[in-house]
Structures are given as structure tokens and as C-alpha cells.
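Undergrad: Same order as they appear, the protein sequences are chains H and P.
Counted the way this note's numbering counts, the first sequence spans residues 1 to 423.
Counted the way this note's numbering counts, the second sequence spans residues 1 to 319.
No lab work stands behind these hints, which were simulated from the structure alone.
The beta carbon of each residue, even a glycine, is placed where N, CA and C say it ideally should be.
Hints may be right or wrong, so weigh each one.
Said to hold, decoys possible - Just a sample of chain P residues kept apart from chain H, beta carbon distances all over 10 Å, derived: (1) Val76; (2) Leu85; (3) Ile110; (4) Pro131; (5) Phe136; (6) Ile142; (7) Leu164; (8) Pro171; (9) Phe200; (10) Thr253; (11) Asn256; (12) Thr306.
Said to hold, decoys possible - Distance windows between CB atoms, simulated: (13) Ser29/H - Ser309/P: 53 to 61 Å; (14) Ala248/H - Ala147/P: 35 to 43 Å; (15) Asp411/H - Leu228/P: 49 to 57 Å; (16) Asp96/P - Gly165/H: 43 to 51 Å; (17) Pro57/P - Lys75/H: 18 to 26 Å; (18) Lys285/H - Pro174/P: 17 to 25 Å.
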Amino acid sequence: MKKAILVMLPVAALTLSACGSGGSDSGASNDAHGPITVWYSNNAQEVAWGKKMVAAWNAAHPKEKVTAQEIPAGKSSEEVIGAAITAGNAPCLILNTAPAAVPGFQKQGGLVPLDDFPDGKKYLQDRVGSRLSQYASPDGKYYQMPWKSNPVMIFYNKELFKKAGLDPEHPKLSNYQDFLATSRKLVAAKAAKAAIWPAPSSEFYQSWFDYYPMFTAQTGKQLVEDGKAQFASPDGIKAAQLWKTMYAEHLAPNETYNGDAFADGKAAMATVGPWAVSVYGDKVKWGAVPVPTSDGAPGKGTFSDEKSIGMYSSCKNRGTAWDVMKFATSKEQDGKLLEATSQMPMRTDLTSAYPQYFASHQDYKVFAQQAEHTIEAPNVPNSVEVWQTFRDAYTKAVIFGKGDLTATLKDAAAKVDKLAQDQ
Amino acid sequence: MSSTTSDVRPRRPAGRGTTKSPAPRRSWRVRLGGHQPIGMLFVSPYLLYLAAIFVYPLGFAVWMSFHDYFFAAPGVQVDRPFVGLDNYTTVLTDPDVWRSFLNIAVFLVINVPLTTVGSLVLANALNKKLPFRSFFRTAYYIPYITASVAVVGVWLFLFNSDGLVNQALGPLAPSPSWLVNSHLAMPVVAVFVAWKQLGFFVVLYLSALQNVPQELYESAALDGAGRLRIFRSITVPAVRPATLLVLILATITGANLFTEPYLLTSGGGPDGATTSPVLLMYQRGLQQGHPDEAAAIGVILVVLITAVSLGYRRLVERD
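With the rest of the complex left out, here is chain P:
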């Protein structure tokens, strides 16, 4: 059965250089609310939520970043003049800000591939008929739902200089130890976050894997394809939309890194090696009373994350 929609649309006259026929004017009601205006009513609570929780703060942050802004008590008359790009100039000429963005780049380079590959491989394994499959699925999910504060304590116990990891490594243990080593601290944070969030991304991949037609696997097996070949040629392309989602979510959550450097490496240490832009925003905005500069860092972060996410989309969807 063919669609009737195309039949009723006015067709463009054939031939070159012909004038376009005027498009039928839709009423303002249709323009505003579509053909089923009641739909707007149904989505309006979410739209309001979105406006209050995301659009307003984002707009406010952009506004703050162009003004000399600080938090003041109600009723206090304060001058908050427009300062153009001053806040952006301040943060972009600050070596600490550049370092925080470099730190987060290091984090993402390690964390995102580790998260994506690790969760896909694990999900693929957990999608097969394994003994204790439910146990494993639950076990991988537990770190994700456990409070970071609690899990960080365990990792401190593992990775401090007298910790289990160094005891196991013996003379091969790094010096300075993991969390106070400028070169190793951020990779440890990246691995920690990947481990902690793996369960969530495994669930995403599991749902994607369960939608892959079984016939594809059977045909490939009949054609003599090995496990690795099947994984590369069927599984990976079939879960590509999920991969895009995992990449974007892992990047967004990674770029918002705060708790781990705050707790695991004692406030962005050693010597600023794990300071993230969001940790810096917290220091500047809430502790030091410069929310305008914090907002400028935040806006730059949003722009960069958006650019990276669009890059992923192009990369993953290019064919």
C-alpha cells in the first residue's frame, strides 16, 4: 500500500527554468501545533522541564560569561556590566585552564575507547549462553550504581603506595606511586571511570545486540566465518547506532569529570595533573566567587563537546 501523502502534494512542473508553484499556506494553528495540536499538550510538561532545567541554566550561563557577574544577596544593588569577551580572555590566557582541558583530553583518549571496546566485548560475551550469566550481568552493573565516594575508598586502598597493586607488582611498582605520579594519575582515573561505568554501557549494547537478526549469524556460520570475523563483520556494524550513543555519552560524562579527581586524587592532584575543567569551574565559581569565569569555561566546554560529538557522528555514520 502506497502512501497517499505524496499524491496530494503539488508536483513541481517538469522542465528547466520553470517557475515554482506557490506552496499552499498552512494556517498558524497548524504551523504552531501541527495536525494534531493535542500532541503539544502532551509534550508540554517535558518541554517546560527542558526549558527550566536545561535551556534556562544554559542561557543564563552564556549571559553570565559576558558579564562581570557574582552571586549577591537579594535586595543588594550590584553592578553587573557587560564585559564582552573579557571572561573568555581571562580563562584562555590562564595556564591552569589550558592544563585542565589537556588533562581532560588525555582522560577522554584513554577512557572513551576503553569504555566503548570494553562494553561491546563484554556485552557480546554476556549475550551468549554462559553459566551464571545473570550473575555476571549484575556484577558488572553494581559499580555503576554504587556511590563514587564508597568505590573511591576501595581504589585508594588498591593504588596507594602500600596498596595491593604495588604489593603484587613488587619491584615493578611505579615510583612515585600511581595516584601521586603526574604521568599515571590521570590514566588511573580514566580506567577507574571506565570500570565504574562499564555496566551502564554494557546494558546499552545488550539491548542493541538483542535486535540483531539471528539469521545473519547463522548464515555467516554456514559460510564458515570464524568468531572474530562474525564479530567484526556482523556484530560491530549491526550495533553502530548504539556505538554512536556510547561514544557520545561516554564523552559527555567524561568531559564532566569532577568526583573522581576531587576524591581519588585529592582535589586534582598531583600538582594539577588531574584537574578537570569542571573541577576548575567549581573552584572558580563556588569557592572563589567568580561564576562569570566559571561560566566562560563551561561554555567553552559545551562547544568542544558538541564539536567532538558531531565528529563522532560523521565518523560512525560515514557509510
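Just chain H, with the same shape it has in the complex:
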């Protein structure tokens, strides 16, 4: 009998689990109105903005009350959202959806296409302009509202540059040769332990803060375009070679720093977005320059580090959710977001829309100019696996200098091609 029970339990479990898949349609309508829930990120400044935005909405729409909370804690927001989609308890809107995670959420059936709303496509086009095409999914639909970007630049510590005998007002950082020469001087003069110290770890998203900004500036392309990996191109390899030299000469350490190396004066430079202005403020006497290119020509683009707003399929009152989405991305609310967080709303007319802000915040103007030319993580099938495949190859050949760089990147590109074409 014991044996029979032991055999039956897994069978019962498997049967039950098999029954769990599929199910009926939620029956939600794009016209339905009523209360909804919203999650926003746990960044203190965004929370403060989010609370005010929700209060303003609720005051004007008492019958369509929004209940908002910070995204629940987890290893990453993407895992929490993925679990919530599977459990069917995702909120209507999440104001912190990473574009790289959108293909996965879409595959799960967790997202609502925004162009299904009568004014959806037009609203997106009016807001984002020519950059919108980067946010289209392979089926041609838009499952995300591009919301805010953090176009990256190179921050440098003026005092450390001065200590190394470099001109802090006119740093030579525009091309790869100068970038290397400046880095060598900084380390040789012991002005800092590292010239720059990006996280040398293996998480799939780390390339967004070391290689990808250099790659986008150099090529003006996404990591994958038209189903083909772009990083094994001659320009892609040049950017990788720069980092390989940085690691080989210990100008960038291959150990993880426990803390913020730039704030602690351990690194003289950092790749950062506009958020850094308020974070470093007066703590570091900083300057900002664009990400270098191989020959010093102006960059062809800059990585956006963008976050979108997603509408999730568990939402019943999608009409209200769409209205809240438009309210949260209105010119007024975008302006308040800019004031509160210094992050750049994804709208075409950024500097002209908020002239007073940029007149009184000159430090941010250069970021706003970069924001017009942002390049996104590609919206392709198996997006996270694509980034992980690239990161593994990069870790091996660039950070730890093993094997032939070109061959390793070409091998990874072949794998990425298959993943991006969903083979």
C-alpha cells in the first residue's frame, strides 16, 4: 500500500499541475473603468513623485481610485513582476518596466498592447517621436510606454585629475587613445586605484554600464538589429578591445568594489546618468563628458537606461489604466518628474518643453541633449538570454582576457543570432 501511495502522489501532482495551464480569458475590456492598482519603483525620489501624482489623480477621479505601492522587494524588479504575472496578481500599471524584460513578459501573456487603444499608437508617436520604433515588439505592437531615460555620460573627479597632473577643465577623453592615456596617468600617479570601476560581475544587465554605452556611441546601433548581433562588427570589437586593455593594464579592476568606487575616490571616472548629479552633488567635484568614440567623432547615440510603463493583462479596468498612464506622462507630470528625480522624460521636445528647468539646471542640459539620441536594449525574443550570452563572452574575453577576443565575440554573435531569431 505504501508503494501505491508513493506512486499515486506524484501522478496526482502531475495531473493537477497539467490542469493548471491554460484557462479562460480574463474578459477585461479596454473600455472598463474603475479602481486600479499601480506599482512604482522604490527609489525615494520616484516614490515621492508617484505619491503626489496618484493623489492628484484620485482628487479628480473619485470613482476611479488608484491604489499605489512600491514594487515588492525581490532579487530584481523583473523577477517580482514575472512572478506576479504567473500568479495573476500583477497590478494594472508598473511604472518601472525594463525594456529588456518586455519580450519575456509579453511571451508570458502578461502585457496589454497599447496600440489596441484607439488613440494608443498616436499618443506614443507624439510622445517619443522617431525613437519609438526601438520599442516595438517583433509582432509590431507596442507593449510599453517609454517613460523616462537616463542617458549615460562619463563623470570624472576633477580633484583626482588635478592630482594626476591632468587638466580638470579640459580632460582628454574624447577618443580611445586619449581615454587610455588619461587612465594610465591617473593610475600611474596613484591619484586613484582605478581609472574607472564598472562592476565586473556576470549579471546579464551589467553590460549596460560598461560596454554598451561605448558600443552605442561608436556604432549608433542596438546590440541586435534585424535579428543579427552587431557586437562582433569591427566597431563593436574596437569598443571591446578598449575595455580589454583597461582590464589587462589594471586601469579597471576585475574585482567587485563593495560600495560606490567613484563616490569613495577609488575610481576617477564613472559611467552614469543624470541621477548622478544629485547623488554626487557637492560630495565630488565632478565634470561630465560624452562617452568616447574610437576617433573622437561625436557619438552616434547613447544608451538610454530607459524605464517604461507597462499595462498588465490581469488588469480589469483597462480604460482607467490607460487614462492614468496618459495622466502620468502628461506634460505637467513629466515636468514634476524631472523636477523631483532629474530623470529625462521620454518626450521629443524635452528642452523646449521645460525651458525654465534647464535654464536653472545647466548641469542637466547636456544630459537632455544626449536624451534626444538614445539607443535602447533591443526588443527581441529571448532578450535576457541574449544579454547573458554576450555578458558571458565579454567576461571571459574582455574582463579576464582569456582566448581570442574576436573569435569569442563571433562565437557569441552566432549564438545570439539564433536566440534573437527564436530558433
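Starting from the known structure of chain H, arrange chain P on it as the hints suggest.
TA: Just chain P now, with coordinates in the frame of chain H:
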């Protein structure tokens, strides 16, 4: 007093070639619930817990590993066809998967003996009358109950290139340093885990040691046996069941290695040298949306751990 149970059992007739007498048929109630059916009632909460927490997920994982499965929102119609051994073929032809199993083998070869020998020696010492014995017992247990995240910070401070260990070693410090050295990173992780878990295994051994009859030690001492001889000939055999438990638990917890490579070596670095199968399952299943492949890796891991545990049992209980 002899047992009466054997007296009432029907005896097999003597002689060769004789036919067996039919065994008395037990009622279905006795078969299902035993002679004291109320016992089933008492154990049923645990059985339900076991079914919900272990049997169902294990069965589900096996099912997933034979299907093209991904997590989907409720109400979404998705096709999850049976794919036979496809997921197993995918993971077994993936060099990263093989490397993760090789990494964990290296880890176990270092960690399990270190844990077993270290905890037995320490427990033996702490079982004697020592000054500050309670303090030492507590001190060895503290790392076990401290969150890995907190302890990892200390080890990073010790083992990074400018850390205390390298400063003490001076010119003998390895280059590349410990945690970014492909050959040294996994041994450091293995030592870290052994150190962190030692307290738990010391407690297991202490309870076993306190059940060893004192007369054995006294007799051996009278016979002139030295400390080492007493340890080898009395202590080690006497705690053999505890040793089996320590070996199996250390192997199971070691094979499930995740937090340490995730935090201590920045996600399985350097260059995948500390990537464990469970870390790979996390990446494949949760980050990359391939829970079917992650389940296949998990099933292979369960089979291997079971085989190793059975091997331990044979080894430890052979005499």
C-alpha cells in the same frame, strides 16, 4: 521476556520443496492504517505538508522537464507540448551546464571532507572540559545563524586584492587574487561554506558524542591507549551514524550552492569558475524564462545527489 509476535506467526513447514502455507489475509483497514489507524490521523498533517512542499514541486519539476514549459499568466492559452528528452539533450550538450557540475564536484571534494573532519575534531574538543567551553560552542555556531549577505561582506574584505589576507601574505599573495582567480575562487567558496556551517555540524556531533558510553574511554585509558588511538578506535566508530548524517547533509546543502557564488564571486565568476548548477537554474528558469531546462538540470542534480548519498551509506555502513 520473549516477544509473542513470533509465536503467533504461522511457521513455514520444514523440509525442501514443500509448499508455502497461505499468509493470513489482512483487512484493507489494517493494510491502510495499520493496527492503530489513529496513528495515520496524527501523521497526516506532516504527510500533507510533505506532499505540498516536497512531493508536488518535485513531481511538477519532473513533468516540466519533459515539456516545452514556460510561466504564463492565468487565462492565457499556451501550448506546452511533451518534448521527451529534448530539455535533457539541451542541457547535457551545453558546456556551461557541464562546467557547473564540474565546479560543484570541486566544491564537494573540498567542502565535505573539511566539514566532516573539522566538525568532528571541534566537537571532540568541545566535548571535553575546557575553560570557556560555552563561549566556544556559541562562537562556532554564530556564523551558521548569521545571514550570508552579512558574512560575505567580511570575506570580501578579507580576500580581495587589498584585503587582510593578501596584506598578511605580502609577496606570497596570489595573482590574480583569490576571488578573481579561476583556480582559487571555488576553493575559497568551499572553505567559506565549511566555516559558515561548521557550527551546525558540531552540534550534531556533540549530541552523538554525548551518547558514547564513558566506560569505553575509561577501559581504553586503562589499557594504555593514547589520545589519538582513543579518537580513532572509539570516537570515530561510535559516531558513525552521525558521520553518515553529516556527510549526506553537507553534500545536499553543498550541491544546492547558490548564495555564495551569487554574492561572493559576483554571479559565478571569475569567468564561470564558481557557477553552480542551482545558480544556472536560477538564470535559466527565472531570469531567462526557460523553467523547463532549469527543471531538467534540477532533476539531474537530484539523481546525482541521491546516488552520492547512497554511496556514502554503503561506504560508512559497510562493516
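Undergrad: Please go over all the hints and tell whether each is borne out by the structure.
TA: Here is how each hint holds up against the structure:
1. Val76: violated (3 Å)
2. Leu85: Its Cβ never comes within 10 Å of chain H, the nearest being 17 Å, so this holds.
3. Ile110: Fine: 22 Å to the nearest Cβ keeps Ile110/P off the interface.
4. Pro131: Non-interface label stands for Pro131/P: nearest chain H Cβ at 37 Å, farther than 10 Å.
5. Phe136: About 30 Å separates Phe136/P from the closest Cβ of chain H, which puts it past 10 Å; holds.
6. Ile142: At roughly 22 Å from the nearest Cβ of chain H, Ile142/P sits farther out than 10 Å, so the non-interface label holds.
7. Leu164: It holds; Leu164/P is separated from chain H by about 14 Å at its closest Cβ, greater than 10 Å.
8. Pro171: With a cut-off of 10 Å, Pro171/P remains clear of chain H, as the shortest Cβ separation is near 17 Å.
9. Phe200: holds (25 Å)
10. Thr253: At roughly 20 Å from the nearest Cβ of chain H, Thr253/P sits farther out than 10 Å, so the non-interface label holds.
11. Asn256: Given a closest Cβ separation of 16 Å, the condition holds.
12. Thr306: Thr306/P is indeed farther than 10 Å from all Cβ atoms of chain H, at 15 Å.
13. Ser29/H - Ser309/P: 53 to 61 Å: holds (55 Å)
14. Ala248/H - Ala147/P: 35 to 43 Å: At 36 Å between Cβs, range holds.
15. Asp411/H - Leu228/P: 49 to 57 Å: holds (55 Å)
16. Asp96/P - Gly165/H: 43 to 51 Å: With Cβ atoms ~46 Å apart, the hint holds.
17. Pro57/P - Lys75/H: 18 to 26 Å: holds (19 Å)
18. Lys285/H - Pro174/P: 17 to 25 Å: At roughly 37 Å between Cβ atoms, Pro174/P and Lys285/H fall outside 17 to 25 Å, so the hint is violated.
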